[in-house]
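Peer 1: Chains as they are written, first to last, in this note's numbering: chain H, 4 to 356; chain G, 8 to 218.
Since the hints were derived computationally from the structure, they do not count as laboratory data.
There could be a bad hint or two in this list.
Per the computed footprint, the stretches of chain G lying under chain H, defined by three or more beta-carbons under 8 Å from a beta-carbon of chain H, are [said to hold, decoys possible]:
id	stretch
1	65 to 73
2	106 to 114
As a list, the in silico DMTMM-like pairs of lysine to aspartate or glutamate whose alpha-carbon atoms are at most 25 Å apart [claimed, not checked]:
id	chain 1	residue 1	chain 2	residue 2
3	H	Lys177	H	Glu210
4	H	Lys76	G	Asp128
5	G	Lys24	H	Glu115
6	G	Lys24	H	Glu149
7	H	Lys175	G	Asp203
8	H	Lys175	G	Glu60
9	H	Lys177	G	Glu140
10	H	Lys177	G	Asp53
11	H	Lys175	G	Asp53
12	G	Lys164	H	Glu32
13	G	Lys77	G	Glu136
14	H	Lys177	G	Glu54
15	H	Lys175	G	Glu68
16	H	Lys76	G	Glu136
17	H	Lys177	G	Asp128
18	H	Lys177	G	Glu136
19	H	Lys159	H	Glu119
20	H	Lys159	H	Glu88
21	H	Lys177	G	Glu60
22	G	Lys77	H	Glu115
23	H	Lys76	H	Asp46
24	H	Lys175	G	Glu63
25	G	Lys13	G	Glu62
Since this is a predicted model, take the numbers as computed values, not measurements.
Every residue gets a Cβ at the ideal spot worked out from N, C-alpha and C, and that includes glycine.
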Amino acid sequence: MNPLREWLAGGLPIADGAWGTELQARGLEPGAAPDIWNLTHPDRVEAMARAYVEAGSQVTLTNTFRANAIAMKGDLDAVNRASVEISQRAAAGRALVFASIGPTGKLPMAGEITAEQAHAAFDAQAASLAAAGADALLVETMSDIEEARLAVAAAKNTGLPVIVSFAFDSGKNKDRTMMGATPEAVAAAMVESGADAVGANCGVGVEYAAAICRRLRASCGVPIWIKPNAGLPAIEGTAVRYGATAAFFASHYSALRDAGASFPGGISHGTLRVALWRRLLSLPRRLSSRRMDREPLQQHCSARVPRRQPKRLRHEQLAQCRLKGDEKSGPGGCCGSAPDFIRALVNARCAAS
Amino acid sequence: MHDLEKLKEALIVGDWKTASAATQAALAGGVAPLTIVTGHLMPAMDEVGRRFECEEYFVPEMLLSARAMKASMEILRPLLTSSGAQPVGRVVIGTVKGDLHDIGKNLVAAMLEGGGFEVIDLGADVAPERFIEAAATRHADLVALSALLTVTMGWMKTTIDAFQAAGLREKVKIMVGGAPVTQQYADAIGADGFTDSAGSAVALARKLVAA
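Isolated chain H, as found in the complex (with noise of 0.2 Å):
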C-alpha cells in the first residue's frame, strides 16, 4: 500500500510554518538565498524548525524549496543533505520530515532551459534529499504541468512517496496556475505522472481553497495536499505584513476537511505554511516507531484542548493567537507570527474533532 495512504489513515496531522521569513527574522538579509543557512547557520534553522515541532507540527519540511541546480548555485548535495539532518534533529522523532522542491524559476516551453536540465536539476536533489533519509518528497509550488512531470519523474526515482503542489493563482476565479492550468488538467497530469497525492499551494487566499481542493478531489483518487495562502501580502508603509491572522486561517478548516483535503494547511509566498494531515498520528508501525510518538489523536488533542468545552476554549485560544499576531512587527509581520498559526490549526482540529 501506498506509504502516503497509510499515514493517511486516521486523522489530520498537522505540518510547519513559515521558513523564509522566519528565517530573515533570525537574520537572514533579504535577497539571500534561505538554503545556503543549512551550512552557514544550522542552528538558527534548526531553532526555528523545532519551534513548529514545539508548536504542533507534525510533519516539517525542509530548508531547500531553492537548491537545485538551476535555481541556486553552491554544494547544493551539502545543502540538500544538511537541510534534511537539521530537520530530523528538530524532529526529534516527533516529526515526519518532507523534502522540499520547488520549481526552476525557468521555463522548459519558453526554451529557457531544456527538459534535460531540469530533469537533471530535479534528479541531483530528489537524490541528496534521499539519502539523508526524508520521509517523503514535497514538489511544490509549481505551475507548469511539463516541468512538474520532470520533478515528479526525478523524485519517484527515489522510491519515496511523491506529493506534488500546485500554486493556483491566476485567472477570473483564481483557479488557473500562472501557465494557465486548470485544477482537472493537473490532477490528472500528476496522477499519470505517478504522483502519490496532488495538492495546491500558495495561491491567493485560504478563502479560495476550498473550492481548488473539491475539484482536485473530484478529478482524481490520491490524498490532496492543501496549504493556501493565508492572505495577499499587505504593505504597511515599505514593511511586508500579511492580512490574515491565525485565527482567520484557522476559522477555514472545517470547510477544507468537508472539501475532501487530506492535508489542508497554508503558506503565503514562502512565507507561512502550514499543513494539517489527517492521521498522521497513527503511521505504519514500522515508521511511527521509528520516528513518532505513539500518541493516539484523541490524547494528543484533550492535552490541548479539555473537551468539555472546545468551542469557547478554541474562541479564546484563537483571540489570543490574533493578538499575538498583532503585536508583531517587521517584514512579514504575520509570518513571524507563524508558529501561532500552528497552534491555532492544532486547537481548530482538536475543537472539531
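Got chain H; can you put chain G on it based on the hints?
Peer 2: For chain G alone, coordinates are given in the frame of chain H:
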C-alpha cells in the same frame, strides 16, 4: 495589406514562422519598417496584452506571441536603426538583487519591445549600481524593477534610494512590478509607477515617458 493583416494575426496567435514570412513579404511589397512596427506590430501586441488582462491568455500564449514578435523584430531592427527611427523610449529592466525569478520580467521586457521601446535587459539578480550604470550610460528614460518575493522586494526601495544618492533620480522614471508589489508599496518607496501585469506595463511605460 494582406501580408500585414497576416502578420498581426500571426503575432496574436503566436505563430513565429508566419510572422517572419509576413514581415519579409510586407517589406518586399514596399511597406516602411516603421509603419510595420507602429501600424501592425504594436497594435497586435496591445491585443495580446488585452487578452492577458482579460485572462483569456496565460503565460504560454503570451510567450508564443512574444516569440513571434521577436522574429519580426529581428528582421526590422537593423532597418529601423539604419533609417534613424527613434524608439518610443529606452528602458533598463531587471529583477532586483537576490531575486532570480525572471519569468515576469521577461514577459514585461517582451511586451515593452513589442510596444516600440528599446529594451536594455540586465537579467536577474541585478545590484542597484548596475541599474544606475546602465541607465546613465545608455541614457534610459525608464527603469523597470521586478521582484517576485516579499523577501527581495525591499531591494526595490534600496535601488530607488541609490538612484537618488547618485543624483540620477530626476533623470529617469522608475516603474515597479511583481507578484507581491502593490500600488501602495510603489508609492511608499517613491516609484513613479506600478502595474500588476505584463499586459498593462506597456500602457504605463508610455504614460511615464510622455509625462
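Peer 1: Each of the hints needs a verdict: does it hold here or not?
Peer 2: Hint check results:
no. : hint                : verdict
1   : 65 to 73            : holds (count 5)
2   : 106 to 114          : holds (count 6)
3   : H:Lys177 / H:Glu210 : holds (11 Å)
4   : H:Lys76 / G:Asp128  : holds (22 Å)
5   : G:Lys24 / H:Glu115  : holds (19 Å)
6   : G:Lys24 / H:Glu149  : holds (24 Å)
7   : H:Lys175 / G:Asp203 : holds (14 Å)
8   : H:Lys175 / G:Glu60  : holds (10 Å)
9   : H:Lys177 / G:Glu140 : violated (39 Å)
10  : H:Lys177 / G:Asp53  : holds (23 Å)
11  : H:Lys175 / G:Asp53  : holds (20 Å)
12  : G:Lys164 / H:Glu32  : holds (15 Å)
13  : G:Lys77 / G:Glu136  : violated (29 Å)
14  : H:Lys177 / G:Glu54  : holds (22 Å)
15  : H:Lys175 / G:Glu68  : holds (16 Å)
16  : H:Lys76 / G:Glu136  : holds (22 Å)
17  : H:Lys177 / G:Asp128 : violated (30 Å)
18  : H:Lys177 / G:Glu136 : violated (37 Å)
19  : H:Lys159 / H:Glu119 : holds (16 Å)
20  : H:Lys159 / H:Glu88  : holds (21 Å)
21  : H:Lys177 / G:Glu60  : holds (13 Å)
22  : G:Lys77 / H:Glu115  : holds (15 Å)
23  : H:Lys76 / H:Asp46   : holds (22 Å)
24  : H:Lys175 / G:Glu63  : holds (9 Å)
25  : G:Lys13 / G:Glu62   : holds (24 Å)
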